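Those protein sequences? They're chains A and B, same order as listed. Note that our numbering has the first sequence beginning at 122, numbered continuously upward. Note that our numbering has the second sequence beginning at 19, numbered continuously upward.
Since the hints were derived computationally from the structure, they do not count as laboratory data. Certain hints may be false.
[Stated by the list, open to error] Simulated DEER-style distance windows between Cβ atoms:
no., chain 1, residue 1, chain 2, residue 2, range
1, B, E195, A, E379, 14 to 20 angstroms
2, A, P342, B, T313, 44 to 50 angstroms
3, A, T347, B, S379, 55 to 61 angstroms
4, A, T389, B, R217, 58 to 64 angstroms
5, B, A351, A, G292, 49 to 55 angstroms
6, B, K382, A, D144, 29 to 35 angstroms
7, A, Q293, B, P416, 22 to 28 angstroms
[Said to hold, decoys possible] Derived, one-sided and incomplete: chain A residues facing chain B with beta-carbon distance under 8 angstroms:
no., residue
8, P169
9, D252
10, T290
11, R333
12, Q356
Small disclaimer: the values here were computed from a predicted structure and weren't measured. Backbone N, C-alpha and C define an ideal beta-carbon position, used for all residues, glycine too.
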Amino acid sequence: MSSLARLEAESIHIIREVVAEFDRPAMLFSGGKDSVVMLHLAAKAFRPGPVPFPVVHIDTGHNFEEVIDFRDRTVERLGLRLVVGSVQELIDSGELQERADGTRNPLQTVPLLNTIRENRFDAVFGGARRDEDRARAKERILSLRDEFGQWNPRSQRPELWNLYNGRHTPGQHVRAFPISNWTELDVWRYIAAEDIELPPLYYAHHRPVFRRDGMIRAVGPHSLPTEEETVETLQVRYRTVGDMSCTGAVLSEATTNELVLQEVAAATVTERGATRADDRLSEAAMEDRKKDGYF
Amino acid sequence: MITPNSDQTGSLFRLATAGSVDDGKSTLVGRLLHDAQAILSDQLASVARTSAERGFDAGEALEQSDREELAEQPLDLALLTDGLRAEREQGITIDVAYRYFATDRRSFVLADCPGHVQYTRNTVTGTSTADAVVLLVDVRNGVVEQTRRHLAVATLLRVEHVIIAVNKIDAVDYSEEAFRAVEQDIRAVAAELGSPDPRVIPVSALHGDNVVTVSERTPWYRAPEHLGQALLPILEELPDADASLRSEEPLRLPVQTVIRPHQDYRGYAGQIASGFLQPGDRVRLQPGAHVTEVTAVERTELQTQLAGGEGMPQLAAPGESVTIQLAGEFDAARGTLITDPDRPAVELDELTTRVAWLADSPLKPGARVLFKHGTATVKALVTAIDDRLDLSTLSSEPAQELELNDIGTVQIKLASTLPVDDYSVSKRTGAALLIDPTDGNTLAAGMIRVPEPEEEPEAQSDEEWLSS
Numbered sequence: 122m123s124s125l126a127r128l129e130a131e132s133i134h135i136i137r138e139v140v141a142e143f144d145r146p147a148m149l150f151s152g153g154k155d156s157v158v159m160l161h162l163a164a165k166a167f168r169p170g171p172v173p174f175p176v177v178h179i180d181t182g183h184n185f186e187e188v189i190d191f192r193d194r195t196v197e198r199l200g201l202r203l204v205v206g207s208v209q210e211l212i213d214s215g216e217l218q219e220r221a222d223g224t225r226n227p228l229q230t231v232p233l234l235n236t237i238r239e240n241r242f243d244a245v246f247g248g249a250r251r252d253e254d255r256a257r258a259k260e261r262i263l264s265l266r267d268e269f270g271q272w273n274p275r276s277q278r279p280e281l282w283n284l285y286n287g288r289h290t291p292g293q294h295v296r297a298f299p300i301s302n303w304t305e306l307d308v309w310r311y312i313a314a315e316d317i318e319l320p321p322l323y324y325a326h327h328r329p330v331f332r333r334d335g336m337i338r339a340v341g342p343h344s345l346p347t348e349e350e351t352v353e354t355l356q357v358r359y360r361t362v363g364d365m366s367c368t369g370a371v372l373s374e375a376t377t378n379e380l381v382l383q384e385v386a387a388a389t390v391t392e393r394g395a396t397r398a399d400d401r402l403s404e405a406a407m408e409d410r411k412k413d414g415y416f
Numbered sequence: 019m020i021t022p023n024s025d026q027t028g029s030l031f032r033l034a035t036a037g038s039v040d041d042g043k044s045t046l047v048g049r050l051l052h053d054a055q056a057i058l059s060d061q062l063a064s065v066a067r068t069s070a071e072r073g074f075d076a077g078e079a080l081e082q083s084d085r086e087e088l089a090e091q092p093l094d095l096a097l098l099t100d101g102l103r104a105e106r107e108q109g110i111t112i113d114v115a116y117r118y119f120a121t122d123r124r125s126f127v128l129a130d131c132p133g134h135v136q137y138t139r140n141t142v143t144g145t146s147t148a149d150a151v152v153l154l155v156d157v158r159n160g161v162v163e164q165t166r167r168h169l170a171v172a173t174l175l176r177v178e179h180v181i182i183a184v185n186k187i188d189a190v191d192y193s194e195e196a197f198r199a200v201e202q203d204i205r206a207v208a209a210e211l212g213s214p215d216p217r218v219i220p221v222s223a224l225h226g227d228n229v230v231t232v233s234e235r236t237p238w239y240r241a242p243e244h245l246g247q248a249l250l251p252i253l254e255e256l257p258d259a260d261a262s263l264r265s266e267e268p269l270r271l272p273v274q275t276v277i278r279p280h281q282d283y284r285g286y287a288g289q290i291a292s293g294f295l296q297p298g299d300r301v302r303l304q305p306g307a308h309v310t311e312v313t314a315v316e317r318t319e320l321q322t323q324l325a326g327g328e329g330m331p332q333l334a335a336p337g338e339s340v341t342i343q344l345a346g347e348f349d350a351a352r353g354t355l356i357t358d359p360d361r362p363a364v365e366l367d368e369l370t371t372r373v374a375w376l377a378d379s380p381l382k383p384g385a386r387v388l389f390k391h392g393t394a395t396v397k398a399l400v401t402a403i404d405d406r407l408d409l410s411t412l413s414s415e416p417a418q419e420l421e422l423n424d425i426g427t428v429q430i431k432l433a434s435t436l437p438v439d440d441y442s443v444s445k446r447t448g449a450a451l452l453i454d455p456t457d458g459n460t461l462a463a464g465m466i467r468v469p470e471p472e473e474e475p476e477a478q479s480d481e482e483w484l485s486s
């Protein structure tokens, strides 16, 4: 069996285990490539039946329009129920405060935990991959979270063979990461092999941008250049499509899956290093967020 | 030889590292990733920055972000893998970290396991899915208790390949004598534990000797008569245990869930633990003696397409996640094991199992636990503790209880019958978890021992069953 077929089979196994053992699972779906692949795997796991759980999007309010449009079309195509947790609503109500740096990614934790609690979800699938970040490299495939949604990296359950233990007490929930063992390149290989549709942002297109802190930022309602920053139109694509206020683009001519695959294979910088400002906040930025309940 | 982001889709090889504290495990992993060029420049720059802050001098190369230059600088390679704040602060590895790299030959999943004795449970975690274990020994310390423990764990879990990296060979001036002494000890321990004969390699993780290429500085290892090979080429060539062994085992398919979108469709979904499957096969549903026929096997396009090259496109193979349909109607559900009627699993309600005890509170006879086997979880009672392994003498001794990190044999009574295999025959259907029924925590890894085969009850044919 090739590595890609083995990864696919393992992910489907994990998704089925969680659905079989939990009462109220849900899947995080942002429209980003990892969650698109994860949802594609979920659809395979239960066909010819439907995907047997709702999807959850934690909306920072600073999303790319193309991504929200893609999210809505996908949800409709698969006949899913979409649950949205909104950062903006919590800022408006005063429960959350805008950060000085304008980054909204770390603010997603509170609406995520609210959404889990209000919907009584006992398992939440996430598309995180262990190759993304040092802290993510440490997390189990099934990760127990306490009643505050916290991850305790020092007391994780042993995870043996493919026997996933999802037992939890009331109030606790489990985060399940079915594509833990995939790399960015695996994800793109799979997208190319399966001809999976992604938001158009992932492919090279022309867009007005400006440069800040070594990153190429899109000009948009939540991402405006200062007077010293010059706007230019460049051919770019995105390696990740998170919050517009902290996600950068890369220069690219890759307009198809195959071309992107070649580009990713030759990349000398990781996707997060290239395009995510929030991970540059500190050496342990991801670990700190995850301990708070982030995915 | 190496292309960091090689675009091939070769086989997937799972690897775990183990070893004692301070024997340079993180450095070896960092070296392997670094020399296999699996570290991209931003990660390298981050490590160089922290290395510099800690007295390693990456100097100008860092400011220039020059990859070639950076690669030549002294780096604290352990920083590549120690991902948690506490690990970086204390310079120790607390939990398993998973790393990914690929060469032209193969994709690797590396479970980097901590060495400290209190984290042995994490070593068991990393080792349980590994095709090979790389066990580090500091050449200056030789075989220590952790070496015995980790070798015992690897043997108990039946890891196919054990590689001993005798590290810090630079610290003894690349002495063959020092290496041979450690090699001899380790082979003696392996023989006593009954583990397969390990490959033993002299290594300097710090300087990269014998990690990716054979070192000039160990000519005695390099000499043709020793057939010395560096670590990475060995890892590229070892057969992956999963594919080669599981295909010879009889069919085992634990049913995960039943897919029933409408009245006319009933699909049994699961991942094939061992054996092959195709429409027309007769299968047995266990526990029980019902035999029926497979009418359809749904595989993913990717599996079908990729299996074409292996000469068996029509057969679903071990490791595939499939959905099958069966002739007739019966009460099969999650927990049912679909097996080869000629070579079925053994059905037991009392069994013997080796355990690696992973919980802080000790196991005593009379403990009530949950027994998770395949897709079934049943209540269970630990009726007796037979023995525990004494790691200093490597012999089994009688025991009243098992403590954290102990390896022992226990008797278990199950609330209902389970179809099981001996762990030495099947790693999938011979394995079990012991779970705490109150807080749900995993207490132990269980490896089932099945007594000599007894007479199997005659399997009923489906026709008989349908009419009964």
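Status of each hint after checking the structure:
1. B/E195 - A/E379: 14 to 20 angstroms: Since B/E195 and A/E379 have Cβ atoms about 55 angstroms apart, the given range 14 to 20 angstroms is violated.
2. A/P342 - B/T313: 44 to 50 angstroms: violated (56 angstroms)
3. A/T347 - B/S379: 55 to 61 angstroms: About 59 angstroms separates the Cβ atoms of A/T347 and B/S379, which means 55 to 61 angstroms holds.
4. A/T389 - B/R217: 58 to 64 angstroms: violated (33 angstroms)
5. B/A351 - A/G292: 49 to 55 angstroms: violated (29 angstroms)
6. B/K382 - A/D144: 29 to 35 angstroms: Taking Cβ atoms as reference, B/K382 and A/D144 lie about 33 angstroms apart, which means the hint holds.
7. A/Q293 - B/P416: 22 to 28 angstroms: violated (39 angstroms)
8. P169: With Cβ-Cβ at 5 angstroms, under 8 angstroms, it holds.
9. D252: holds (5 angstroms)
10. T290: At 6 angstroms from the nearest chain B Cβ, A/T290 passes the 8 angstroms test, so the hint holds.
11. R333: With a closest approach of 17 angstroms, the A/R333 hint is violated.
12. Q356: Violated, about 22 angstroms.
Hints 1, 2, 4, 5, 7, 11 and 12 from the earlier list are contradicted by this structure; the remaining hints agree with it.
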